[in-house]
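Once you've looked at the hints, dock chain L against the given chain B.
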Amino acid sequence: MSAPLLSVKELHTHFSVRVSKGLFGERRPLRAVDGVSFDLAAGETLGVVGESGCGKSTLGRSILRLIEPTGGEVLWQGSDLMHVDRHTMRNHRRDIQIIFQDPLASLDPRMTIGEIIAEPLKTFERSLNKTQLRDRVRAMMDKVGLLPQMINRYPHEFSGGQCQRIGIARAMIVEPRLIVCDEPVSALDVSIQAQIINLLMDLQRDYGLALIFISHDLSVVRHIGHRIMVLYLGQAMEVAERDALFDRPLHPYTQALISAVPLPDPDKERAKQRIMLSGDLPSPLDPPSGCVFRTRCPKATDLCAQSRPSLDDRGGNQSVACHYV
Amino acid sequence: MTAVLDIDDLNIRFSTPEGTVNAVNGLSLSVSAGESVGIVGESGSGKSQVFLSTMGLLAKNGRAKGSTRFHGEELLGLKADRLNAIRGVRMAMIFQDPMTSLNPYLRISRQMTEVLMEHKGLSRAEARSRSIRMLERVGIPEAAKRVDMYPHEFSGGMRQRVMIAMALLCEPDLIIADEPTTALDVTIQAQILDLLSELRGDTNSAVVLITHDLGVVAGLCDRVVVMYAGRVVETGLVRDIFYSPRHPYTVGLLESIPRLEGDGEGGAEHPRLKAIDGQPPNLQSEIAGCAFAPRCPRVEERCQQERPDLIGLDNGHACACHKVGPT
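Protein chains in written order, with the numbering used here: chain B, 1 to 325; chain L, 1 to 327.
Treat each hint with caution, since some may be false.
Stated by the list, open to error - In the EDC-like style, the derived pairs of lysine to aspartate or glutamate whose C-alpha atoms are separated by at most 20 Å in a straight line are:
no.: 1; chain 1: B; residue 1: Lys272; chain 2: L; residue 2: Glu153
no.: 2; chain 1: L; residue 1: Lys323; chain 2: L; residue 2: Glu255
no.: 3; chain 1: B; residue 1: Lys268; chain 2: L; residue 2: Glu255
no.: 4; chain 1: B; residue 1: Lys268; chain 2: L; residue 2: Asp213
no.: 5; chain 1: B; residue 1: Lys268; chain 2: L; residue 2: Glu153
no.: 6; chain 1: B; residue 1: Lys268; chain 2: L; residue 2: Asp277
no.: 7; chain 1: B; residue 1: Lys122; chain 2: B; residue 2: Asp95
no.: 8; chain 1: L; residue 1: Lys274; chain 2: B; residue 2: Asp217
no.: 9; chain 1: L; residue 1: Lys65; chain 2: L; residue 2: Asp8
no.: 10; chain 1: B; residue 1: Lys272; chain 2: L; residue 2: Glu198
no.: 11; chain 1: B; residue 1: Lys130; chain 2: B; residue 2: Glu115
no.: 12; chain 1: B; residue 1: Lys268; chain 2: L; residue 2: Glu301
no.: 13; chain 1: B; residue 1: Lys9; chain 2: B; residue 2: Asp312
no.: 14; chain 1: B; residue 1: Lys268; chain 2: L; residue 2: Asp222
no.: 15; chain 1: L; residue 1: Lys323; chain 2: L; residue 2: Glu300
no.: 16; chain 1: B; residue 1: Lys21; chain 2: L; residue 2: Glu261
no.: 17; chain 1: L; residue 1: Lys145; chain 2: B; residue 2: Asp312
no.: 18; chain 1: L; residue 1: Lys120; chain 2: L; residue 2: Asp81
no.: 19; chain 1: B; residue 1: Lys272; chain 2: L; residue 2: Glu261
no.: 20; chain 1: L; residue 1: Lys323; chain 2: L; residue 2: Glu306
no.: 21; chain 1: L; residue 1: Lys323; chain 2: L; residue 2: Glu301
no.: 22; chain 1: B; residue 1: Lys143; chain 2: L; residue 2: Asp277
no.: 23; chain 1: B; residue 1: Lys268; chain 2: L; residue 2: Glu198
no.: 24; chain 1: B; residue 1: Lys272; chain 2: L; residue 2: Glu18
no.: 25; chain 1: B; residue 1: Lys272; chain 2: L; residue 2: Asp222
no.: 26; chain 1: L; residue 1: Lys274; chain 2: B; residue 2: Asp202
What the hints contain is simulated information worked out from the structure, not anything from laboratory work. Please read these numbers as outputs of a predicted model, since none were measured by experiment.
The following block holds chain L by itself, in its conformation from the complex:
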């Protein structure tokens, strides 16, 4: 398989009035054609920043170092006009809040046709009919009429469908979806998740799904990357991560979710959840050892001083923990 996206030793720093924040530290990962990769981690783990930097969308006070290659072409430091020829066309991003990513002053038709006219050189009429077809494909009823509406005239779920349609317009090789269903109600989320998995069936786009919801990952992804404090702590095939997690953080994360299926529960007494004690570290200071050490149930002295490398186990499963060796 060829890599669509190849990130190597990426570091992202933000300069803030309180000092430098080390948001992403020495992160490497690659995404192959047609593959769906879930990026999970808690707020502040750097999961969104990695891909904002891919799209050239880091905040002004952010600096990315290292390498991010798209089909072999280096994206970091690329001139804006060259970057614009790639983003929106060959890679597209879907955001959590569709209201803030659509222009409230412009009709949907204008926002969609602009992309096609600019990048694909279509005429206005061609672009319009293609936009309508795409809206129909993502399940917007009366697309021919609704294409001329403004974003505020759509419900939250419909706006997210519009965002997905826009991302798909130029048939990109890579779609980055950052918490695409987090702002939606659960019945609407189910509709969007269905749409995403259906679309995955008929395009060969690689999908990066950034989310804190492990249920969403379980349903949609082939592979999972678990991030903590700006680093990858574990990665592997979706079944390996969910059924044989190795890193104590992944184990803790999976155990701390209340289960809807109620397995092992029952009886009048409610069991306690297995919470992970403590809080994520402050990323303003350089962390010497393992960033998870202060919260880790298996911590030993070495963990405080020496940072564990990401070690390959088997089947593409890898884990960064001193207590976990190759099997």
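Chain B on its own, in the form it takes in the complex:
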């Protein structure tokens, strides 16, 4: 395999959170992303799944340095992104774009959608004149399934699915190599969700785009991802090829997560044995010692409280962080 497009090594993003009141109140680190590593090839989709608070969004934003990571390495085609100045980083963002969950909130309500989609071009291709800009915007609108004659309308005139198309057009207009998709279909109804997933997969095929697809929805991630990473409290529990992860999950958390999803099939759903996890997600301010999952793990022993299992390859490109696999 050729050199990866993106290589993330031991990435840490910690926040300092005040846990008691007052000017000199105690502060504690919140390890939102706690040592995450992965490689991503051109044209590949990495699905990132996990429950709320697992750090999946922070991970996506840390890669673009929209949130500054506190440690680790992010290499873009071999060159370091972590220590470059703002100007260089900005130029890299031409290659790495992001789309967000709430499509309406991520669009400026006072700009027409033509202006919104053209905005990145004004930053990165300053030599374009008005006509060229307009042609590029119209071509991209057509590509993402928006009628080009809607170019002068405002975001509030569009439905959620269409707003997400606008967001995708804005990301795509500078011809990026990678798009970080942060829960891009979670706010959409299923019939619209399918349209947007198809659009992202078409764009990937036509432009050889790489995607980091962040979602809490395992079914969506199975559909779109080539490789899947399961996060829990800022750490990767398991990373594997899509079919291996869903058909033969090894980590107890992955197994429980998959078995918890209700299947839209009455016979299968009712016959299914669920692996129930007791309790709630621990506070990320006070994570368990050793393995972060041990407080809810059906297999946990004393060893799990003492040492943190490393993410090791168990064959077939399936890596698992568990003492008992």
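Relative to the frame of chain B, chain L by itself:
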């Protein structure tokens, strides 16, 4: 079976600055004792509004016309004091976001005992011990201690358990659950779904489950009502709806869900999802024909002009489509 809830030709209109929105149009359905009915549909299909009107909780600009009877008694237009003797006692509602339906200023104990003292005439001490028992039943650890906590001291899943406990306090005949697990993480959702199906086993309450998640319906419901643009487009037993859907919208909905089981997938190439093209209609204007016609793969000329009635097929299966006749 006797009907607990009987809705007949219900219409709900909202007056907005942009004009009237026809949220629910000529909807009829009934729920029998002990039965669990899933109401599915996309945002804006009117599925929540139907049951908010049942509870007398429509927004101020909303008007409901038609008939909604609870054990034969008409609820629409009922005086507030009579309605209050029914809702919360004989029918209860569980909402999506427990944080906004619990009072943040009051301890859980106060919010729970109030219901029992008001409706069942229990003393404070009796109401308190019954509340604690109910919290234990929905799986809240250390219920005797936690009953005196405030809502913000509970996690999302625990708050939803508290909401369920409150709904069950007076042993209602009808429980309306509006997206009860949508705000929860999937492992917590699994806990709540387990609790709901366990509770269904030991009470005889009828349950209406409003959700956009077909997986939740598949696991919990006996019967399904599919709504589109404020109307019922298909209804039937859960297996009929999932395994022999007839309405093109139901068919499209089931096909557009990505499958976790990965059936028919495999291989390096990802198949395309079968999306339903287009978007739901704007409900501000009266729709002449079938509301699904602009998105329907089987549309013909008649569909644009003439609205299909809900026609019974067999086994309580009914479908509103010109292209689907009785078998």
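Quick rundown of the hints versus the structure:
For the proposed pair Lys272/B and Glu153/L, the alpha carbon gap of about 33 Å is over 20 Å, so the pair is violated. For the given pair, Lys323/L sits about 19 Å from Glu255/L by alpha-carbon distance, which is consistent with the 20 Å threshold. Using a Cα cut-off of 20 Å, the hinted pair Lys268/B and Glu255/L holds, with the two alpha carbons roughly 17 Å apart. Our distance criterion of 20 Å between C-alpha atoms is met by Lys268/B and Asp213/L, whose separation comes to about 16 Å.
Only pairs whose Cα atoms come within 20 Å are accepted, and Lys268/B paired with Glu153/L is rejected, the gap being roughly 37 Å. For the hint pairing Lys268/B with Asp277/L, the CA-to-CA distance comes to about 29 Å; that exceeds 20 Å, so the pair is violated. Distance check on the hinted pair: Lys122/B and Asp95/B sit about 15 Å apart at the alpha-carbon level, within 20 Å; holds. Only pairs whose Cα atoms come within 20 Å are accepted, and Lys274/L paired with Asp217/B is accepted, the gap being roughly 18 Å.
Proximity of Lys65/L to Asp8/L is assessed by CA-CA distance (about 10 Å); at most 20 Å being required, the pair is judged to hold. Restraint check for Lys272/B and Glu198/L: satisfied, since their Cα atoms lie roughly 15 Å apart, inside the 20 Å limit. A threshold of 20 Å between alpha carbons decides the hint, and for Lys130/B with Glu115/B the separation of about 11 Å falls inside it, so the pair holds. Under the criterion of a C-alpha separation no larger than 20 Å, the hint pairing Lys268/B with Glu301/L is inconsistent with the structure, at around 39 Å.
Annotation: proposed proximity of Lys9/B to Asp312/B holds, straight-line Cα distance about 15 Å (limit 20 Å). A C-alpha spacing of about 15 Å is found between Lys268/B and Asp222/L, which places the hinted pair at or below 20 Å, so the restraint holds. Restraint check for Lys323/L and Glu300/L: satisfied, since their Cα atoms lie roughly 9 Å apart, inside the 20 Å limit. For the proposed pair Lys21/B and Glu261/L, the alpha carbon gap of about 48 Å is over 20 Å, so the pair is violated.
Restraint check for Lys145/L and Asp312/B: not satisfied, since their Cα atoms lie roughly 43 Å apart, outside the 20 Å limit. Only pairs whose Cα atoms come within 20 Å are accepted, and Lys120/L paired with Asp81/L is accepted, the gap being roughly 15 Å. A threshold of 20 Å between alpha carbons decides the hint, and for Lys272/B with Glu261/L the separation of about 12 Å falls inside it, so the pair holds. As the CA atoms of Lys323/L and Glu306/L are separated by approximately 12 Å, the hinted pair is consistent with the 20 Å bound.
Taking the CA atoms of Lys323/L and Glu301/L, the gap is near 11 Å; set against the 20 Å cutoff, the hint holds. Of the supplied pair hints, the one linking Lys143/B and Asp277/L holds, its CA atoms being roughly 16 Å apart against a limit of 20 Å. The suggested pairing of Lys268/B with Glu198/L holds, with an alpha-carbon distance near 18 Å, which does not exceed 20 Å. For the proposed pair Lys272/B and Glu18/L, the alpha carbon gap of about 48 Å is over 20 Å, so the pair is violated.
Taking the CA atoms of Lys272/B and Asp222/L, the gap is about 17 Å. The hint holds against a cut of 20 Å. Only pairs whose Cα atoms come within 20 Å are accepted, and Lys274/L paired with Asp202/B is accepted, the gap being roughly 14 Å.
In summary, the numbered hints that this structure violates are 1, 5, 6, 12, 16, 17, 24.
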